[in-house]
Amino acid sequence: MSANCLNEARRVMTICNSCRYCEGFCAVFPAMELRRTFTDQDLKYFANLCHNCRDCYYACQYAPPHTFDLNVPKSLAKLRLETYEESTWPAALSGLFRNNGRAVLLTTSFCVLALLLITAAFNGFSLPFETYTGEDNTFYQVLPYKAIVSSFMVIGLVVFFCLMKGFLKFWQATGESLKDFFNLRANITAVWDVLRLKYLDGGGYGCNYPDDKFSMIRRNFHHGVFYGFMLCFTSTAVAAFYDHFLSSPAPYPFFSLPVLLGTTGGISIVIGCGGLLFLKEKMDSAPADIQGLSMDVGFILLLFLTSFSGLLLLLLRATPFMGILLIIHVGIVAAFFILMPYGKFIHGFLRYAALVKNAREQLVNKTDKK
Amino acid sequence: MSTDNNHPGSPSAKHFDILVIGGGNAALCAAMTARESGMDVLVLESAPKEFRGGNSRHTRNLRYLHEKENKYLTGPYPENEFWDDLMRVTKGKTNEELARFIIRESNDIGTWMEKHGCRFQPAMRGTLHLARTNAFFLGGGKALMNAYYAFAQHLGIKIEYDSEVVDLDIQYGRFLSANVKQQGGIRKIHAKSVIVASGGFQANLAWLKEYWGDSADNFIVRGTPYDKGKVLKVLLDNGVKSVGDPKQCHAVAIDARAPKFDGGIVTRLDCVAFGIVVNNQATRFYDEGEDFWPKRYAIWGRLVADQPDQIAYSIIDSKSIDLFMPSVFPPVEADSIEEMAEKLDLDSNGLNETINKFNKACKPGSFDPGELDDCKALDIDPVKSHWARPLDTPPFYGYPLKPGITFTYLGVEVNKKAGIIMENNQVAKNMFAAGEIMSGNILGQGYMAGFGMTIGTVFGRTAGKEAARYVSKLPE
Ligand SMILES: Cc1cc2nc3c(=O)[nH]c(=O)nc-3n(C[C@H](O)[C@H](O)[C@H](O)COP(=O)(O)OP(=O)(O)OC[C@H]3O[C@@H](n4cnc5c(N)ncnc54)[C@H](O)[C@@H]3O)c2cc1C
Ligand code: SF4
Ligand code: SF4
Numbered sequence: 032m033s034a035n036c037l038n039e040a041r042r043v044m045t046i047c048n049s050c051r052y053c054e055g056f057c058a059v060f061p062a063m064e065l066r067r068t069f070t071d072q073d074l075k076y077f078a079n080l081c082h083n084c085r086d087c088y089y090a091c092q093y094a095p096p097h098t099f100d101l102n103v104p105k106s107l108a109k110l111r112l113e114t115y116e117e118s119t120w121p122a123a124l125s126g127l128f129r130n131n132g133r134a135v136l137l138t139t140s141f142c143v144l145a146l147l148l149i150t151a152a153f154n155g156f157s158l159p160f161e162t163y164t165g166e167d168n169t170f171y172q173v174l175p176y177k178a179i180v181s182s183f184m185v186i187g188l189v190v191f192f193c194l195m196k197g198f199l200k201f202w203q204a205t206g207e208s209l210k211d212f213f214n215l216r217a218n219i220t221a222v223w224d225v226l227r228l229k230y231l232d233g234g235g236y237g238c239n240y241p242d243d244k245f246s247m248i249r250r251n252f253h254h255g256v257f258y259g260f261m262l263c264f265t266s267t268a269v270a271a272f273y274d275h276f277l278s279s280p281a282p283y284p285f286f287s288l289p290v291l292l293g294t295t296g297g298i299s300i301v302i303g304c305g306g307l308l309f310l311k312e313k314m315d316s317a318p319a320d321i322q323g324l325s326m327d328v329g330f331i332l333l334l335f336l337t338s339f340s341g342l343l344l345l346l347l348r349a350t351p352f353m354g355i356l357l358i359i360h361v362g363i364v365a366a367f368f369i370l371m372p373y374g375k376f377i378h379g380f381l382r383y384a385a386l387v388k389n390a391r392e393q394l395v396n397k398t399d400k401k
Numbered sequence: 010m011s012t013d014n015n016h017p018g019s020p021s022a023k024h025f026d027i028l029v030i031g032g033g034n035a036a037l038c039a040a041m042t043a044r045e046s047g048m049d050v051l052v053l054e055s056a057p058k059e060f061r062g063g064n065s066r067h068t069r070n071l072r073y074l075h076e077k078e079n080k081y082l083t084g085p086y087p088e089n090e091f092w093d094d095l096m097r098v099t100k101g102k103t104n105e106e107l108a109r110f111i112i113r114e115s116n117d118i119g120t121w122m123e124k125h126g127c128r129f130q131p132a133m134r135g136t137l138h139l140a141r142t143n144a145f146f147l148g149g150g151k152a153l154m155n156a157y158y159a160f161a162q163h164l165g166i167k168i169e170y171d172s173e174v175v176d177l178d179i180q181y182g183r184f185l186s187a188n189v190k191q192q193g194g195i196r197k198i199h200a201k202s203v204i205v206a207s208g209g210f211q212a213n214l215a216w217l218k219e220y221w222g223d224s225a226d227n228f229i230v231r232g233t234p235y236d237k238g239k240v241l242k243v244l245l246d247n248g249v250k251s252v253g254d255p256k257q258c259h260a261v262a263i264d265a266r267a268p269k270f271d272g273g274i275v276t277r278l279d280c281v282a283f284g285i286v287v288n289n290q291a292t293r294f295y296d297e298g299e300d301f302w303p304k305r306y307a308i309w310g311r312l313v314a315d316q317p318d319q320i321a322y323s324i325i326d327s328k329s330i331d332l333f334m335p336s337v338f339p340p341v342e343a344d345s346i347e348e349m350a351e352k353l354d355l356d357s358n359g360l361n362e363t364i365n366k367f368n369k370a371c372k373p374g375s376f377d378p379g380e381l382d383d384c385k386a387l388d389i390d391p392v393k394s395h396w397a398r399p400l401d402t403p404p405f406y407g408y409p410l411k412p413g414i415t416f417t418y419l420g421v422e423v424n425k426k427a428g429i430i431m432e433n434n435q436v437a438k439n440m441f442a443a444g445e446i447m448s449g450n451i452l453g454q455g456y457m458a459g460f461g462m463t464i465g466t467v468f469g470r471t472a473g474k475e476a477a478r479y480v481s482k483l484p485e
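Respectively, the protein sequence lines represent chains A and B.
Numbered continuously in this note's numbering, the first sequence closes out at residue 401.
Numbered continuously in this note's numbering, the second sequence closes out at residue 485.
Read the hints as simulated data drawn from the structure, not as lab findings.
Any given hint could turn out to be false.
[As the list claims (entries may be wrong)] Quick list of simulated restraints, FRET-style, between CB atoms:
hint : chain 1 : residue 1 : chain 2 : residue 2 : range
1    : A       : Met-32    : B       : Arg-97    : 52 to 60 Å
2    : A       : Pro-121   : B       : Asp-377   : 54 to 62 Å
3    : B       : Ile-195   : A       : Asp-100   : 32 to 40 Å
[Stated by the list, open to error] Here are some chain B residues pointing at chain A (derived, C-beta under 10 Å):
hint : residue
4    : Arg-69
5    : Thr-120
6    : Leu-147
Given the structure is predicted, the values throughout are model-derived calculations rather than measurements.
In this text, a Cβ means the ideal position worked out from N, Cα and C, and glycines have one as well.
With the sequences and hints as input, model every part of the structure.
Right, dumping it as structure tokens:
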């Protein structure tokens, strides 16, 4: 963690705290107002409580070129990236956050290539290009069932462990103890904040994104990605259930629950990610932290490709392209999983931690007032 | 410099219906209203785009008449109460006809503002005492200005930045054209009517010196550096009748470390009532606890301005550090009075003596920052009427104070139609004024929170409407 980033965030928050004009936009300002001075822990917490809606940049009378050179979203984004690095587990991999796009590219290519080679080693090179009926056990003719399930189980467990370690590291870095996390009311509030994306709504009018106009567009695209992801997640869980307990392995017919959920989710993610990428391309970069751009784009692109390749697979699963598409899709999904703790994906975890902390302290504050 | 008259292709080639001078709240309200009456409107703002919006970009709320509570205001604010509040702050120094007009015309003005892009928020922590009377802009005045500029553009109003009006051609009480400084040259712009909304002259230190002498050098200008009063001066030189005491200004005590211009709201200090204030001779000079700070902060600008070198120091101890809004600059911290004296560059014996005397004079009472409490120091000159507690619990904290000027009172006289009045008491036909430049008609002295924006909004709209009415009656 660099002292520069913390000092700048502290300077910025000190100015804001004697101004407070932006208190209606989000949770950061009311949280700031509970304090007179800011510890490192406070600042890391604020950095992740900020949803980067940028409303407070365009509203700020002290924004550059004013001598105060105040840029709240940018300062907090820089610090946020450092909290990602600091929370990485194992710490040795924290370097992956800088130049994240390259990590995404390399991991994805590696996964796809490795799968291709493994398949070739088992089945010879011809198999991926045969024509399949798109029914019965055809997926597993290409990729052996046991290999797929067991490697994803292993990846899943390791990733889950790393994510939890990272989450905990951050939670503690904001000065909280583990037991404080288990506060039911705070968690309910935080979940509700997440489901609505409360703090991308800028006090009811949306973000100043991609430019200085208020708009809900980014929030809506983000909803597309979030709920699409949840649908895909559910689809996978249902498929696993069918497979294990109903002995009905993939692929499933189009009008089956897993495929319907997955397809809707996939389309939703493709639209959401496509939209977010489009907005990012158009955005005014003055309030943005350019260093984090590669991480943002890498993540959105990877998620986009995961869904896109999945949808393509669905469409072409009865053609000679099925084999190669399956390998590409599974390779991308594997890369997506492996990179979860080392890319933008963790923003969800750290932000959730910040929202729980916020809900908790605002609850305490309310009871104190009574 | 060339006088570039009617340069083809440039806006000067064209005769606008209405020229609006200024780019703050009053100017935009006027421009939008005129445009909505079908006028061809040009706005000239002397600031560059990044600093557009004058002092209005530093504001936070406005006060308006409302019979019922609404989404943002917690209860009614009826005409009588509004009027009484105004009488109290101005001590009756107001033009009743205009003041009543503003109050009535402000009725539910929030609705009009919202239709023009303004977003409000309910009052939150720290500002709840204004939650019933004042509506807060979501994100503050700059957000409001952004919204108004966007709306003005959408309406088709022409806006030019970096365009300082330096002269007006006025003949027989009639506006003909304006000279504007643009890209190093002077351009002449013709319009059928002009609305002047260029604020006060508080950023013009040379002009302030005419009344304050060299002490004006030590003033800090809280708002925009672009309100230099150039157009005000031109108007007064051209036979327009003035209003308001030229020597008066609204000045508060702010942190001496603030930038010379544009420091805005964050440089204010709310610690004065909880400690003592000394000048650079280490002596007290006024009752720090006379009344609640929001009711007194506006006299402290003048009080500090009257001290040697226009500087003073507010000193509190650790008992009081959490009682007021946090400051933007950290306090000077010291574990002893000697150390404080050294850090503030004050005479150590003198400061010690002042504080000892003060501490001895403090009578025990029950301290309550929310009330005019009974902690008094009366056997001392000057007395401290409330919140007097001995400074005895280190660490001690010190804040340097300087006068921070918010706005000046001198302006142009107007009638209820925002028409500018000439020295011969004739109303100028095609010249209108709105905002700070005419607020001296209503605020003969004093100020009340959120009223500057009310004056600008009501008179901006009035000026826009009346100028449009005038232009539409002209023969083709
Ligand atoms: C820190 C601070 C906080 C405040 N808070 C509040 C508040 O919360 N509520 C409230 O009601 N009032 C507040 N006020 C007072 C308020 O700012 C003014 O009453 C109000 O903004 C006046 O509006 P205006 O449009 O007349 O002037 P301004 O907003 O100052 O606009 C004047 C405009 O004219 C332009 N201009 C000046 N000279 C020329 C020229 N020669 N040619 C072209 N353009 C020119 C300037 O660049 C500027 O854009 C505050 C003031 C300050 C300093
Ligand atoms: S971002 Fe600017 S306007 Fe908003 S609270 Fe901070 S200092 Fe005030
Ligand atoms: S960018 Fe948005 S979420 Fe972040 S601090 Fe500013 S207003 Fe709050």
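Do the hints match the structure? See the list:
no., hint, verdict
1, A:Met-32 with B:Arg-97: 52 to 60 Å, "53 Å, holds"
2, A:Pro-121 with B:Asp-377: 54 to 62 Å, "56 Å, holds"
3, B:Ile-195 with A:Asp-100: 32 to 40 Å, "33 Å, holds"
4, Arg-69, "6 Å, holds"
5, Thr-120, "17 Å, violated"
6, Leu-147, "5 Å, holds"
Comparing the model with each numbered hint stated earlier shows that hint 5 is the single one that does not hold.
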